[in-house]
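Residue numbers (our numbering), protein chains in the order written: chain A, 178 to 627; chain B, 6 to 435; chain C, 301 to 763.
FYI, nobody ran anything at the bench for these hints, they're computed from the structure.
Just so you know, these numbers come straight off a predicted model, no measurement behind them.
Heads up, the beta-carbon is just placed ideally off N, CA and C, and yes, glycines get one too.
Hints may be right or wrong, so weigh each one.
As the list claims (entries may be wrong) - Below, simulated BS3-like cross-link-like pairs (lysine-lysine); rule was C-alpha separation at most 30 angstroms, straight line: (1) Lys68(B) x Lys305(C); (2) Lys387(A) x Lys599(C); (3) Lys308(C) x Lys37(B); (4) Lys387(A) x Lys569(C); (5) Lys9(B) x Lys268(B); (6) Lys339(C) x Lys9(B); (7) Lys354(C) x Lys37(B); (8) Lys387(A) x Lys354(C); (9) Lys339(C) x Lys37(B); (10) Lys741(C) x Lys228(A).
Unchecked claim - Stretches of chain B that chain C covers, calculated by requiring three or more beta carbons in the stretch to come under 8 angstroms of a beta carbon on chain C: (11) 47-53; (12) 77-89; (13) 186-192.
Unchecked claim - Short, incomplete list of chain A residues facing chain C, as computed with Cβ under 10 angstroms: (14) Thr358; (15) Val362; (16) Lys369; (17) Val451; (18) Ile512; (19) Leu549; (20) Leu579.
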Amino acid sequence: MPQKDQLVSALQKIVGKANVIQGPKKLKDCAVDGLVPKAIVCPKNEKEISKVMAIANANKMTVVPRGSGTKMAAGGIPRKVDLVLSLSKLNRVVDYDKANLSLSVQAGITLAALQKKLGAGRKGNFLPLDPPFTEKATIGGIVATNSSGPKRYIYGTARDMLLGIKAVSPDGDIVSFGGKTMKNVSGYDMTKLMIGTWGGLGIITEITTKLLPLPEASATLLLSFGDLEAAGKYIRKIIHSSLLPSAVELINGAAADRLGEKSKYLLALSLEGVVEAVARQITEISESSKKEGAKGVKVLKGTKEKAFWVRVRDLGSDLAKKYGSPVILKSNFVISKHVELMARCEKITEAAGVRAAFICHAGNGILHTYILDKPGAGAKLKGLIELIGKLTLEAVKDEGNLVVESCPPEMKEKISVWGQPRHDQILMRRLKEKMDPAGILNPGRFVGGI
Amino acid sequence: MKEKAVFSENTKENIYHCIKCGLCMAHCPVYKEVLSEEATPRGKVQLSRQLSEGNLKMSKEVKNAFFSTCLLCGACVSNCPSGVHGSNLYSGVRWRAVQKYGMDWKKKVMFQLLAKKWRMSKSASLGKWARKMFGGKWIESRMNAGALNVARIPKVNEKEFSDMVPEVTKPEGKARAKVLYFHGCATNYLYAGIGTAVVDVLKKMGVEVITPREQTCCGMPIFMSGDREASIQNIRENLRLFAREDIDAVVCDCATCSDGLKKEYPHLLLDLRQLGEDVTDEELKAAELLAKKVKDVTVFIDEHKDWLPAMKENGKKVRVTYHDPCHLVQGQKITAQPRNILKAIPGVEYVEMPGAGDCCGGGGSFQVEHAETSRKITKRKVDNIHSTKAQILATCCPGCTLTISNHLDPSLNMRVMHPVQLLQMALSGK
Amino acid sequence: MEKEKMVKELNRLIGKESVLGTDMQIQLYEYDASLIRSKPDCIVLPTSTEQVSKVVKFAHDNGIRVIARGAGTNLSGGSISLQGGIAIVLTRMNNILELDIENQRVVVQPGVITLNLKNFLAKHGYLYQPDPASEKASTLGGNIGENSGGPHCLKYGVTSNHVLGGELVLYNGEVVQIGGKALDNPGYDLSGVFVGSEGTLGIMTKAILRIMPKAEAVKTMMCIFNSIEEGGDTVSAIIADGIIPATLEMMDNLTIKAVEEAYNMGLPKDAAAILIIELDGLSDGMERLTNRILDICKKHHVREIRVAKDQAERDKIWAGRKGAFGAVGRLRPNYMVNDGTVPRTKLPETLAKVIAIGKKYNLPIANVFHAGDGNLHPLILFDERDADELKRVHAAANEILKVCADMGGTISGEHGIGVEKIHGMQLICSSQDLASMRNVKVAFDPDGTYNPGKVLPELQKTA
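Bound conformation, chain A alone (with noise of 0.2 angstroms):
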């Protein structure tokens, strides 16, 4: 590997010199469960990028591709940090093509600053995604760690939206997959292949997207629930009718308290459509819920309504705050054990002695485990992992997985951040073997270590 300085000027000759940043502050920022970058390098296009992963590529040195940094304390230890690769200069709009309901836009915009955009204007549209970090996540971000919210119960997630990708391979090739089409089967599914790949086969520099046009009106119900069966029984009821909510979110008490809400059990059902579904739902859900065993009815609207939605979105990143590297899991499972999984899992977390949070996407089968207490040292960090290690024995139990979200890297040294091994994960590393041969793109944080 060349010096340290031949590589800065490398670099400063294609981005320019105030594009290499090397302060020692801003490194630590950026460091990566502790491992602190040689320099940041903020490339202002994709054929800027495409020479930064050219040099990396030559020199084996490795790219840490970082949005607004808001998941730096999630996945596996990386094996080395030498660059990070900030994509926040890439954040233009490329292409709304209003009629088509269609959109292409760099990897750095956030999805706030998006959506403002989009919904402007009499007839407005929408991306209906709905992840953490509700200010600060970037689009890049979103989809390369397919980050996703509440919502996803009748939307989908980033492949259920997504129609092309354009991205920066490690060897610096410029590629683009898929297009402005609602359908295209011509070569493969590279566009959903990138989806979720933690930048570990590319940097994605932009993405097209499908959009909705803006509900005509929309509402929110929270159903208080005094037991988990009550709750599971209704849910039940209600994924397996004709009602179409947008999202089915089942809260347990610690978390509905930090919703502002005070409930046992809170079951949030968002419902969105034409005024007369909207309004056929809130009153027929109000009714059959409270027949079902619910203890309170309350509908928000609005402001209140849009507020009730980023607090459910963001519970994680406002412990991220707090702590810094809070302990949040996230846990999948098949839909029908929403409130098994939830149960067992409040019963082992009550016993470890640990206060957790719990938000269920009761509708798609994903448990978020929110450990309230900070995490620590010594003893305590030895009993969360011990809790972890049960936690994942619950869901894959239940024909899931657990993925520790984020956690402070002295835990993550002695658990395995993506859950149990699977079976499917020797096609992974092919995968990653054939696309990035030197192993420069983020290695070691994703799963099964590569």
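With the hints as your guide, set chains B and C onto chain A.
Using the frame of chain A, we list chains B and C on its own:
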């Protein structure tokens, strides 16, 4: 030696309209069981093309493909969006295959007897021979009846139906119409009760029924089995007897016969002429005329339902379901008329079965020769029938009657009848 | 390996009744619904994953190429054995293995016929959304291979949006489970990249599919237009108005005539275009939405609107639409179907160009397409026995591909690249894009065992 042309020009051109979309597969009862391309109508159309273009030689394997994986039910024809008439191709290949490799001897004997007019075999009593053939000890030990349980094949009529019915039956009351009655072999030998019912009901409707004594097999089973030369004798004979301007209709009680008389005769004669056989213009014209006059008996009755005398209720209710014979539902698109008749009978509680239009799996000799496939198809049918909890299954085809009654659960004591038989009972107050 | 030896070995491996190798049998597997013909060396009809795995391992060990095939309704030559080898026909693996209503999943073998699955689910009040026109014959394995679409994909997405995982037989016979009943399994989206890979990456011997409860209400309407431009403009206007119906289908005059002849639906044979629009969801507000759509139609001079009164009428409309390709077979002996897709706003312009291309080459073109998705299906009609015509057809088809690419679209929306469009890949992919795809191919199938000569042009050269 150059192989003989398999198809006439107009049949051959039709092959090229198969765009291989494969939608026929969804309608083929054999494919659903066998699940290989050989069993698909598309596969056989493509093989027909290969044969016709000389890229495939006639072989025993080809013969087997065209006989063992096709019931000639016609479902592929009536559901082909491109209008490919597969049946014409399959029967053409069967013909050439039989010319080259001959026909199974049992079939041959049978067809020879059917082809020669019944009057010739009267004294020798084909009836007795057939009883021996189907029911006797000898046959049980020697002949493989395939999917059919020999013990459950109905007894042969004591007397042939053609000997029981007068040549002319005068109507009761005012004469409203005059029809010729073409009763198939099955009525003649096995189900005389259907024949009696047809004549009786028509008579009560004020219709004069002429039942030509000299009529013979419609020729379809023979034709479908590949013996076109033999079937042409029957066709000529039947044209002579039935192609008449002076009658109102030719009624049939058998789906296969009416389908043959109506659709196959004209096509077949034209085909044979194009292949160099001696077919006259008069014969072609006669076939066209007959095609216009032929009607399934249920269609005729339904058209003139106001001629039916009133039927009284006697308080008894019987649960009835209806099976669509392929040669009515696929070949002639007749579905409503038999049901109309059944629903009009006061004592009938009509119930529709799932998959009423699906083939029964019999296919004449198919069930004997390809028992395993046939049995699976029949099982689906019978399960559907039993699911209705009906006491009587009505259908308009003696072939289906034979197959289905052979496989019904004996403990349920279900009866299989022609709708006209039920109508006859209702008219006579039973 | 010699064919005879191959057949003998396969007989030993999976039993004689599952191996076909006579000349006649081979002729039966040399085609699909495209124009391509090429013979496999032999055919196997396995009944279990274990048998598939054995056959693939045997093939791989002996350098024999393998192609998986379902009902053979492919429209791009994807199921043709271009380089001989073994055709693995999966039609006999046709069991619905598990209906898991509680978890809204169904687990199927690849040979299950799509419509059979839907009929089965309907009994329980559930739906599997993708609905390719060939669904009554095509298999789910084939749908997965091609990432099939269908009218309802406008609202519900294509096959890949409904496949959550399954069991793969890899190039060397190894069996791997990918994805699962649960969502968000950690790791790359292997199901995502596998679906639509046209049999070039592996064989899916078990698929986990998403099912959903039946919609409360459905409304199907047929809007008849006197000009195809107005039909096309109506489609754009509906989308631009913020309405995404469940389907937005269109047929042109030539197609209408053929469909009417085949199905006797009472369609006006002189109409220039028919739009089939279906709404589904909650009954509330559907009437108002319908009126909004009808208003848009009226603004575009709709000639007549027919709203289906019941399920039987709905079924009839869809039978006509789904049989449209076949019906067009009545007009001329052959057609070449293109399934280029453009941004939906470009639809009217693209359509005009397609019509001009038909005129230029003096070829009749019937158009029937998923208008809401911008997915065209121009059917170029001809007779393959006429060499000159065939030449013009290929030239016209290429020009149409190019038009779609130039419009910012793509060359295949749902039928796949297969063989027929492989030369068009460079219209939409750079060599870097193709190299990237090639890496995926090599990662899954390093020795090029599966379906050689398809999808990727470079692989065609090196194979």
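Evaluated hints:
As the CA atoms of lysine 68(B) and lysine 305(C) are separated by approximately 26 angstroms, the hinted pair is consistent with the 30 angstroms bound. For the given pair, lysine 387(A) sits about 27 angstroms from lysine 599(C) by alpha-carbon distance, which is consistent with the 30 angstroms threshold. With a C-alpha separation of about 28 angstroms, the suggested pairing of lysine 308(C) with lysine 37(B) holds against the 30 angstroms cut-off. The suggested pairing of lysine 387(A) with lysine 569(C) is violated, with an alpha-carbon distance near 36 angstroms, which exceeds 30 angstroms.
A distance of roughly 25 angstroms separates the Cα atoms of lysine 9(B) and lysine 268(B); the hinted pair therefore holds under the 30 angstroms criterion. For the proposed pair lysine 339(C) and lysine 9(B), the alpha carbon gap of about 27 angstroms is at most 30 angstroms, so the pair holds. With a C-alpha separation of about 26 angstroms, the suggested pairing of lysine 354(C) with lysine 37(B) holds against the 30 angstroms cut-off. The hinted pair formed by lysine 387(A) and lysine 354(C) fails the criterion: a straight-line CA distance of about 43 angstroms is larger than 30 angstroms.
Taking the CA atoms of lysine 339(C) and lysine 37(B), the gap is near 24 angstroms; set against the 30 angstroms cutoff, the hint holds. The suggested pairing of lysine 741(C) with lysine 228(A) holds, with an alpha-carbon distance near 26 angstroms, which does not exceed 30 angstroms. A stretch counts as covered by a chain when three or more of its residues have a beta carbon under 8 angstroms from one of that chain; for the stretch 47-53 of chain B and chain C the count is 3, and the coverage holds. Residues of the stretch 77-89 of chain B with a Cβ under 8 angstroms from some Cβ of chain C number 5, which satisfies the need for three, so the listed coverage holds.
Coverage of the stretch 186-192 of chain B by chain C is violated [criterion: at least 3 residues with CB-CB distance below 8 angstroms; count 0]. For threonine 358(A), the shortest C-beta to C-beta distance to chain C is roughly 4 angstroms, which falls under 10 angstroms, so the interface hint holds. A distance limit of 10 angstroms between C-beta atoms decides the matter here; for valine 362(A) the minimum to chain C is near 5 angstroms, and the interface restraint holds. For the restraint placing lysine 369(A) at the interface with chain C, the shortest Cβ-Cβ distance is roughly 3 angstroms, inside the 10 angstroms limit, so the hint holds.
This hint holds: valine 451(A) has a C-beta 4 angstroms from the nearest C-beta of chain C, less than the 10 angstroms allowed. For the restraint placing isoleucine 512(A) at the interface with chain C, the shortest Cβ-Cβ distance is roughly 5 angstroms, inside the 10 angstroms limit, so the hint holds. Given hint, leucine 549(A) at the interface with chain C, is violated; its Cβ is 23 angstroms from that chain's nearest Cβ, farther than 10 angstroms. For leucine 579(A), the shortest C-beta to C-beta distance to chain C is roughly 9 angstroms, which falls under 10 angstroms, so the interface hint holds.
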